[in-house]
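Colleague: Residue numbers (our numbering), protein chains in the order written: chain A, 10 to 464; chain B, 10 to 464.
Warning: the hint list may mix true and false statements.
It does not matter which identical chain is meant; a pair holds if it fits inside one copy or across any two.
[Said to hold, decoys possible] Computed cross-link-like contacts, PhoX-like style, restricted to lysine-lysine with a CA-CA straight-line distance of at most 25 Å:
1. K215 x K279
2. K389 x K215
3. K175 x K279
4. K215 x K288
5. K33 x K59
6. K19 x K279
7. K389 x K462
8. K44 x K59
9. K288 x K213
10. K389 x K279
11. K343 x K389
12. K268 x K145
13. K288 x K343
14. K343 x K268
15. K33 x K44
16. K462 x K59
17. K389 x K44
18. K33 x K288
19. K215 x K343
Keep in mind the hints are simulated off the structure, nothing from the lab.
Spelled out from the first residue to the last, the chains are:
Protein chains: 2
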Amino acid sequence: MIEITNFIEKNRETFLGQLIEFLKFPSVSSRSEHKQDVRNCGEWLVQHIKSIGGENAYLFETEGHPVVYADFIRYPSAPTVLVYGHYDVQPVEPLELWNSDPFEPIIRNNKIFARGASDDKGQLFIHLKAFESILKTNETFPINIKFLFEGEEEAGSNHLDSFIEKNRELLSCDTVVISDTEWFDFGLPSICYALRGIAFVEIKVKGPNRDLHSGSYGGAVDNPAEVLANLISRLKDRYGRVTVPGFYDNVLELTVEEKEEFARLPFNEKLYRESLGIKQTYGENGFTVLERTWARPTLEVNGIYGGYTGEGAKTIIPSEATAKISMRLVPNQKAQEITQLFVEYIREIAPPTVSIEVFPMHGGNPVITPIDTVWMRKAKEALRNSFGVEPVFIREGGSIPICETFQRVLGASPVLIGFGLPTDNIHSPNENFSLENFFGGIKAIANYYMLLKDK
Amino acid sequence: MIEITNFIEKNRETFLGQLIEFLKFPSVSSRSEHKQDVRNCGEWLVQHIKSIGGENAYLFETEGHPVVYADFIRYPSAPTVLVYGHYDVQPVEPLELWNSDPFEPIIRNNKIFARGASDDKGQLFIHLKAFESILKTNETFPINIKFLFEGEEEAGSNHLDSFIEKNRELLSCDTVVISDTEWFDFGLPSICYALRGIAFVEIKVKGPNRDLHSGSYGGAVDNPAEVLANLISRLKDRYGRVTVPGFYDNVLELTVEEKEEFARLPFNEKLYRESLGIKQTYGENGFTVLERTWARPTLEVNGIYGGYTGEGAKTIIPSEATAKISMRLVPNQKAQEITQLFVEYIREIAPPTVSIEVFPMHGGNPVITPIDTVWMRKAKEALRNSFGVEPVFIREGGSIPICETFQRVLGASPVLIGFGLPTDNIHSPNENFSLENFFGGIKAIANYYMLLKDK
């Protein structure tokens, strides 16, 4: 391992320069104007994998953004690891809150700032650099490895399910390794064993056929923005509990052991509040913050708009109003069922004065994996070796919907060894990634691959 | 009068060409980027008034957009009429719904399409063309006339009150004539005797100090867009009645005569619904549509926005959310008092999880004027002469806040002889003005000035 570690140390500048190149692609998958940028980024990735010794590296077409695949397979008897990551990124708005251009990476305070730095380009890149470091310092690679990098995770992974189903053989593996999660705290390496799912919908309320003068028509015509506000106000009760009938029916309750484990983690609610600039936390009664964000489902308005939103005043009754709403799901809720319950509830409470449409945008089921497997134990060992700290098992509130597909289609449970930190500002302005975790991550992952050889 | 009418007929093309020139200025007063356009439009107006014989024509500076003033005064014994209008216009968004450029006027089906065509440049211009037509066909002008044209009516007339107060002497008059209202129906000339007032506010709800990943934080942090929706849902009850305490305290109830008069007007609710594309009307119980829009106060959300409003999905808890809200007021509500009640109510129902600010944007008091004056009778006569139909007295739901200032400061009640039609789409895309009403209006106003000579 010492040779590998030395190689990584010697190549810090090179690795960083390559990461910067990778981060410069504005691969925003949810925006049609960035379609070509996503493809360019995928093509760059294929070339890069080839240049470091990856084999069978291709851009696979899908009906959406392309998938990057590559592998390195020598020993039929060795375990096969599928590494999943995504090279697309979230939109950057509100742009004015960034301190530097989101696609011109810069380094400050030993962190690299750019959209995608942590989620997920930086973390994906850890695996490529670990792969390269082993390959350049050893006779060969210790295990069989397959890389699967997606280009539309941030847009809902709409075509990856069918890609995996169509390519079962190509993707067959013993386990899936993913670095797209974060540590519970600074200096506390964490392995995530459960993720929430998601059901994302858009509601559009349509009223009059045009914006109306609110003086001439105010009092005679129902207002779509007000109807939308009323609908939203009926989605949760005053204690933060979602009021969609049947929403909680299949929720898997936390075990006593899990609750105890969560309570032992160094969670400081005062610091949490301060870091977010909020006066108090808020959510479903009877649960702690960690329980609520990790193991309880929720519903959030992600965006709302209607009528005049510019400077100054414009006195209209808007013709329509729209909200983007996502529900985070926990085992054993199913995205499709919950979306259906949501649509039915809206239909039930919709007033007759307007027309209302609900558009399901995307969904992903929650996932939970056993922690007593060899893959999990070796992951813990590799993290301990690299960072010198005993890692913890945690859950995460976010969603990587594809995990459930890996379980279902490939029969391989994902190992979520993330290297993000709570200060990474993922999905927010000024996203960044700690260089300590980037280089420590490369060492840990290289060590993990070496350890899996002797599984 | 026949000579004047002939002059108007002969000059149709010339007048129309001048109106087009006037409409081309994008004098959007509520947008700072159009500041210079508003001024250019005002300067053009001053030059135009001079060119047709107006005297003492000036651009008066205010702390906002400039005021255009001009007069023509010969006979101390004749009545003095102050003509008020506004040369600024509403914003044009949503631009994609316009069939032609809002600032490139075009004529289709005997209507002129442009922002401001009806509200209020076209109607203001009627007075100038009537003035010109009399002056060019008579020895002199029959009455004393003063023109006062404002450049920020659509932004709340913030500086006109103080302008009028500072220039009482200059503006002193026997009556104020305003053409900024519309007819009740096609072919039914209407004089408006009451207008609603307005209180416009903006509410901003601030939550976490940045947009948060709704997976990582959903369930732990209150959502400003949801708080805003909850607040809005508590501003009206399910019957459309405003729930701000004290809101209805000073409302002047309609008389039996007024209710009967309204009921006699040719209002067809089916056509009304069809023209708006709505399935049913909606508003305060126990009142007709006309009663609700003309003589009952209301509250409308004019715009709402927060979080991600772009294409596709972005899974965030927004850092803040904003709504623009206006209340239409009736005699004897006062804008300042109602704004205060609103602010107090929001403060009372605001949850402790977020911070909420209410910004009063502008306000104007409602107005009601007696209909049995010589100014009203002569106006009715002039309309009958020009259009050959018996005019009706109506109210209007919109606001011209300055009317109340004229009453209070100059002691002159406004005569609201408007020439708009219900299909003019004011404040909406594809605003237009009927050329029949434009030219008929010039004749009616010229006749009115002539009739006032013998008051």
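Colleague: Would you mind marking each hint as holding or not holding in the structure?
Modeller: Right, here's what the structure says about each hint:
When the C-alpha separation of K215 and K279 is checked against a cutoff of 25 Å, the pair qualifies only between copies, where the shortest distance is 19 Å, while the shortest distance within a copy is 43 Å. In this assembly of identical chains, the alpha carbons of K389 and K215 never lie at most 25 Å apart, being 53 Å within a copy and 41 Å across copies at closest. In this homomeric assembly, K175 and K279 never come within 25 Å of each other (Cα to Cα): the closest approach is 49 Å inside a single copy and 56 Å across copies. Taking the shortest Cα distances, K215 and K288 sit within 25 Å of each other only across copies (11 Å), while inside one copy they are farther apart (36 Å).
Taking the shortest Cα distances, K33 and K59 sit within 25 Å of each other inside one copy (20 Å), while across copies they are farther apart (60 Å). Taking the shortest Cα distances, K19 and K279 never come within 25 Å of each other, neither inside one copy (41 Å) nor across copies (80 Å). In this assembly of identical chains, the alpha carbons of K389 and K462 lie at most 25 Å apart only when taken from the same copy (15 Å versus 98 Å across copies). When the C-alpha separation of K44 and K59 is checked against a cutoff of 25 Å, the pair qualifies only within one copy, where the shortest distance is 23 Å, while the shortest distance between copies is 58 Å.
Proximity of K288 to K213 under the C-alpha cut-off of 25 Å is restricted to the inter-copy arrangement: shortest distance 16 Å between copies versus 32 Å within a copy. With identical chains, the CA atoms of K389 and K279 are never at most 25 Å apart, being 30 Å at best within one copy and 71 Å at best between copies. With identical chains, the CA atoms of K343 and K389 are never at most 25 Å apart, being 30 Å at best within one copy and 69 Å at best between copies. With identical chains, the CA atoms of K268 and K145 are never at most 25 Å apart, being 45 Å at best within one copy and 91 Å at best between copies.
In this assembly of identical chains, the alpha carbons of K288 and K343 never lie at most 25 Å apart, being 34 Å within a copy and 36 Å across copies at closest. Taking the shortest alpha-carbon separations for K343 and K268, only the intra-copy value of 23 Å comes in at or below 25 Å, while the best inter-copy value is 57 Å. Only within a single protomer do K33 and K44 lie at most 25 Å apart by alpha-carbon distance; the minimum there is 15 Å, versus 39 Å between protomers. With identical chains, the CA atoms of K462 and K59 are at most 25 Å apart within one copy only, with a shortest distance of 23 Å there and 94 Å across copies.
Proximity of K389 and K44 under a CA criterion of 25 Å is satisfied in neither setting, with 38 Å inside one chain copy and 64 Å between copies. Taking the shortest Cα distances, K33 and K288 never come within 25 Å of each other, neither inside one copy (37 Å) nor across copies (51 Å). Taking identical chains as interchangeable, the C-alpha atoms of K215 and K343 are never at most 25 Å apart, the minima being 29 Å within one chain and 33 Å between chains.
Consistency with the previously given hints fails for numbers 2, 3, 6, 10, 11, 12, 13, 17, 18, 19, ordered from lowest to highest.
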